[in-house]
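**Student:** Line by line, the protein sequences give chains B and R. Each residue of the first sequence is one higher than the one before, counting from 1 in UniProt numbering. Each residue of the second sequence is one higher than the one before, counting from 1 in UniProt numbering.
Hints in this document: simulated from the structure, not taken from any laboratory. Every residue gets a Cβ at the ideal spot worked out from N, C-alpha and C, and that includes glycine. Be a bit skeptical, because a hint or two may be false.
Claimed, not checked - With the C-beta cut set under 7 Å, the calculated list includes, among others, these residues of chain R facing chain B: (1) M25; (2) L26; (3) V30; (4) F34.
To be verified - Here are a few chain B residues that sit away from chain R, every Cβ distance over 12 Å (derived from the structure): (5) G27; (6) N53; (7) A138.
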Amino acid sequence: MSGDPRDEIVEHLPALRAFALSLTRNGALADDMVQDSLVKAWTKIDSYQPGTNMRAWLFTILRNTYYSNRRKAGREVADVDGVYTASLSEKPAHDGRLQMTDFHAAFAKLNDEQREALILVGASGFSYEEAAGMCGVAVGTIKSRTNRARARLAELMHLDMGEALEMTDGATLAVISGNRTASVG
Amino acid sequence: MAQDRNKAQQSQVIDENLKRVYQDMLDEKVPDRFLDLLSQLKNQQGDGNHGDTK
Chain B
1 MSGDPRDEIV EHLPALRAFA LSLTRNGALA DDMVQDSLVK AWTKIDSYQP
51 GTNMRAWLFT ILRNTYYSNR RKAGREVADV DGVYTASLSE KPAHDGRLQM
101 TDFHAAFAKL NDEQREALIL VGASGFSYEE AAGMCGVAVG TIKSRTNRAR
151 ARLAELMHLD MGEALEMTDG ATLAVISGNR TASVG
Chain R
1 MAQDRNKAQQ SQVIDENLKR VYQDMLDEKV PDRFLDLLSQ LKNQQGDGNH
51 GDTK
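The shape of chain B in the complex, shown without the other chains (with noise of 0.2 Å):
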């Protein structure tokens, strides 16, 4: 009857999008890893240990997607169309303070290992260990890269403390949260 540990990777759909995405910046692309992978989690789902965490299993699969990908495709994968990264952000303008736009363009500009690393550690809620496996690197190199990672995204952005504290303010969160209502509860 159940058992069946597939039953469970629907569940993790919306998580392999948003990994998906933010690893490529590429809507398209996106879709169609997350559809390699999907094919690729059900027939190998042996290599799955029920019990364990099947959303690390998952990302697992498709960062590997990614990578071979990336490696058949000579460097140059992603950042094609930009679109939905522009989609995503049109945000009320609120001037000077940071704006989804500019933080989009400079997450766009971190390299794909820091950008994975500070997407599974700053934004996923996986821990430093769960990152570094998924990755296959050490605990250490996931540390330096996410803090490499915030590191340039600060210097991208100009964050000095001044701005960062108008960031946190009330107004400023209600304007980066804009969009999201009902669909969080």
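Given chain B, put chain R in place with the hints provided.
**Tutor:** This is chain R only, laid out in the frame that chain B set:
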């Protein structure tokens, strides 16, 4: 020391923004093609060794 505090605060600001960007992506509706694909895969599996067809 003040620098360390700044750095910590910076990281926090960045992570908060990151989470919002990520959340925006999570909130997107999953295209039907993926749900279709999954149900297709599930149906195919009936041809294999499982008794659970259809």
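**Student:** Determine for every hint whether it applies to the structure shown.
**Tutor:** Now for the hints, and whether the structure bears them out:
1. A distance limit of 7 Å between C-beta atoms decides the matter here; for M25/R the minimum to chain B is near 4 Å, and the interface restraint holds.
2. Annotation: interface hint on L26/R holds; nearest CB of chain B at approximately 5 Å, less than 7 Å.
3. For V30/R, the interface hint holds, the least distance from its beta-carbon to any beta-carbon of chain B being 5 Å, beneath 7 Å.
4. Because the smallest distance between the Cβ of F34/R and any Cβ of chain B comes to about 6 Å, under 7 Å, the interface hint for this residue holds.
5. Residue-level check failed: G27/B sits 10 Å from the nearest beta carbon of chain R, not beyond 12 Å.
6. Against the 12 Å criterion, N53/B stays outside the reach of chain R, whose nearest CB is about 17 Å from its own CB.
7. With a closest Cβ-Cβ approach of about 21 Å to chain R, A138/B is found to remain outside the 12 Å limit, as its non-interface label requires.
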